[in-house]
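Q: Heads up, my numbering is the position in the sequence shown plus 13, with the first residue counted as 1.
Careful: at least some of the hints might be erroneous.
Capping the alpha-carbon separation at 27 Å, the derived lysine-lysine pairs in DSS-like fashion look like this [to be verified]:
hint: 1; residue 1: Lys51; residue 2: Lys118
hint: 2; residue 1: Lys100; residue 2: Lys51
hint: 3; residue 1: Lys51; residue 2: Lys18
hint: 4; residue 1: Lys69; residue 2: Lys118
hint: 5; residue 1: Lys69; residue 2: Lys26
hint: 6; residue 1: Lys134; residue 2: Lys154
hint: 7; residue 1: Lys134; residue 2: Lys100
hint: 8; residue 1: Lys134; residue 2: Lys118
hint: 9; residue 1: Lys33; residue 2: Lys51
hint: 10; residue 1: Lys51; residue 2: Lys154
hint: 11; residue 1: Lys51; residue 2: Lys69
hint: 12; residue 1: Lys134; residue 2: Lys26
hint: 13; residue 1: Lys33; residue 2: Lys154
hint: 14; residue 1: Lys51; residue 2: Lys134
hint: 15; residue 1: Lys118; residue 2: Lys26
hint: 16; residue 1: Lys100; residue 2: Lys69
hint: 17; residue 1: Lys33; residue 2: Lys69
hint: 18; residue 1: Lys100; residue 2: Lys18
hint: 19; residue 1: Lys33; residue 2: Lys118
hint: 20; residue 1: Lys69; residue 2: Lys134
hint: 21; residue 1: Lys154; residue 2: Lys26
hint: 22; residue 1: Lys118; residue 2: Lys18
hint: 23; residue 1: Lys69; residue 2: Lys18
hint: 24; residue 1: Lys51; residue 2: Lys26
hint: 25; residue 1: Lys33; residue 2: Lys134
hint: 26; residue 1: Lys100; residue 2: Lys118
If you are wondering where the hints come from, they were derived from the structure by calculation, not from laboratory data.
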Amino acid sequence: MADEKACGIIIYKNENNTRKYVIIRGVGIYQGYYGFPKGHMETGETEQETAIREVKEETGLDVVLYDDFRTVDEHPLAREGRPNDRKTNVYFLAEYHGQEFVMQKSEVSEIVLMDYDEAMKCLQYEESRRELTEAEEYLRKRDSET
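Make a model of the complete structure from these sequences and hints.
A: If you want it as structure tokens, here you go:
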């Protein structure tokens, strides 16, 4: 059994009083799937370092993570033909301002901004929808406290 770990970030920006999330579409066998920027950890990296590096590589965005948000999903890699292997995805949360996307074409075929409802309709994996809901609930609570 082999385990994999990837780290990424649920990224958003506020635009015209609406929160918009950065959603990417993969390439190759993942071209039909939407999700959040993420990638595999490299030797010596922390989860946060991996997430920030992967976001920069895939989207061109420089972000600062929220210190108190982290969500995890773990699933078998059966859909990739590896039923005995497991993958762990760790996601953080960040906001970005005034930057343009620079797409890593070898990994990403599209980058779009979607509000919560649009993203929930487009995300195919239940885990991704749960993670987005956790982020949205966190941000709503944070907004109500300020």
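Q: Work down the list of hints and note, for each, if the structure agrees.
A: The hints, checked one at a time:
no. : hint            : in the structure
1   : Lys51 - Lys118  : holds (14 Å)
2   : Lys100 - Lys51  : holds (13 Å)
3   : Lys51 - Lys18   : holds (10 Å)
4   : Lys69 - Lys118  : holds (13 Å)
5   : Lys69 - Lys26   : holds (16 Å)
6   : Lys134 - Lys154 : holds (23 Å)
7   : Lys134 - Lys100 : holds (24 Å)
8   : Lys134 - Lys118 : holds (24 Å)
9   : Lys33 - Lys51   : holds (18 Å)
10  : Lys51 - Lys154  : holds (25 Å)
11  : Lys51 - Lys69   : holds (10 Å)
12  : Lys134 - Lys26  : holds (19 Å)
13  : Lys33 - Lys154  : holds (17 Å)
14  : Lys51 - Lys134  : holds (20 Å)
15  : Lys118 - Lys26  : holds (23 Å)
16  : Lys100 - Lys69  : holds (22 Å)
17  : Lys33 - Lys69   : holds (18 Å)
18  : Lys100 - Lys18  : holds (6 Å)
19  : Lys33 - Lys118  : holds (22 Å)
20  : Lys69 - Lys134  : holds (26 Å)
21  : Lys154 - Lys26  : holds (16 Å)
22  : Lys118 - Lys18  : holds (22 Å)
23  : Lys69 - Lys18   : holds (18 Å)
24  : Lys51 - Lys26   : holds (18 Å)
25  : Lys33 - Lys134  : holds (14 Å)
26  : Lys100 - Lys118 : holds (24 Å)
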